[in-house]
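Asker: Letter by letter, the chains look like this.
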Amino acid sequence: MQISNLTVRYGAIEAIRDVTFTAMPSRITAVLGANGAGKTTLLRTISGLVQPASGSIVIEGVELIGRATDDIARLGVGHVPEGRGVIAEFTVEENLRLGAMAFDIDLAAGLDEQYQQFPVLGERRKQYASTLSGGERQMLAMARALIAQPRLLLLDEPSLGLAPLVAAELMTTIRELCATKNLSVLLVEQNAKGALRIADDAVVLSVGRVVANGSAAEVASDDQLRQYYLGLVQ
Amino acid sequence: MGAFFTSRIVSDILIGAAQGVLVGLIALSLVLIWQSTHVLNFAQGAMAMFAAFCGMTMLEHGLNYWVCVLISLVAAMLLGGVTERVLVRPLYGKAEINSIVVMVGFLGILESGASSIWSGMARQLTSPLSQTYFTLGSKTLYLSPFSLFQIGSALTLMLGVAALFRFTKIGLQLRASALAPEVSRLLGVRVSRMLTLGWIISSAVGAFAAIIIATSGSGLFPSNMDGFFVFGFIAAAIGGLESPGGAILAGLLIGIIQTFVADYLSPSWVAFTPVLILVLSQLVRPAGIFTKNTTRRL
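So the protein sequences, as listed, match chains A and B.
Mind the numbering: the first sequence is residues 1 to 234 in our numbering, read in order.
Mind the numbering: the second sequence is residues 1 to 298 in our numbering, read in order.
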């Protein structure tokens, strides 16, 4: 995915300013930054929920700007939003069926695959999502996006609100999924340490601008950059 | 056995059920729109009347009753779809008072428009089924072939809608689009189509009720769906705005209790009874008798 000169405005405020970077296929790209850096806005723009003032987002030769959100999803972009977005009034299985609905896939095989990947969802398939724990909801949100077999997965703060151990397990699962499914992941995280542990590449945003773009190892070892994603400098 | 079926209590239940399913159908149509778009459609009764009049006009041109019913349903679906696209869609995301004002205005337009086109006089459809009550020996069973059709078709419609929402792909997408439109879009669901479809189905259900009213009672005139709308709204609130089955059952309950009140107390209390049931039910279960959630989005 190539993002070029992307600028997003909310009225007079520029939430994203001239952002340019490339997320490589089958790799995890962490997007780091303090609160208000523009991370969530970036993902929402990729999914078509927010229209940019200018710029371009191209995936496998297809321009996403100007397309409707449901069209972008059908192009193979899965998005697990901040707060997970599971439908509490639906059962686990209904949430998963909904995730598969717009796609030409074998539903039974898709469900089996997700229940193998996340066994707790199989055990709770008839339960309402409202009864799940935070970690289980996160797994459900991810499984619901994965059942559609996306090529690019956008994850917005997946570890938010999870116990440290659960968050660490989740990060490991994301790493495994990327490796086994040939999946590209754009991972927005405030838990920079956890994200950099599993990411291949990293982009650091500060007040809507890209201040660093390189390998995760390089970003992790740069003390000055740490000041940006911890919000100590802007 | 015959004495039981012709007893005063069973008679009241049968008469009340025939009236109650009509209230239930209007309630169901309100719930469907609420479920799909979270809009309370104050013009629901007027839209049903207008669509029914379209079909009834065709009857005057010599068409068969059932063809006219079909024309009314198609007119209702068109009216529902166009209303959602043109009037309601620009209001999504805005304050709820906006949609209330627009739909009340639309109610006025439809009723005055119908009066201009078809006059304000009551118009009646001649039933293809007999409306004469069956008899058991020398006693009357307060059930006719038409009231059997009326009750049976309403319950079938309720089961059909419940099955559509519960067991089909479209139903799942309709529910998801109403509950979480943004998430549904992220999953590739064509949310705008689903919202229109919700209005189309709902309008057809409402128009079916209007046709039955035009056939069974003293006819249909431009404003006589207003009363059904009020009772239908009360039934929807009692059953739970999220529960299609609850809406029909609450409508049935209202019809039956009203008949008992008219028979055992006084006909002058009939209009007051649904309001009393609503107040009592809200005290016990504010979210509605058949709603799972304990909180309701208003």
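I should point out that these hints are in silico values taken from the structure, not numbers from a laboratory.
By construction, the Cβ of each residue, glycine as well, lies at the ideal position given by its N, Cα and C atoms.
Be careful, since some hints might not be right.
Only part of the chain A face toward chain B is listed, based on derived beta-carbon distances under 8 Å [what the hints assert, rightly or not]:
no.: 1; residue: L49
no.: 2; residue: A53
no.: 3; residue: P81
no.: 4; residue: L98
Asker: Which numbered hints turn out to be false for this structure?
Answerer: Result: hint 2 breaks, nothing else.
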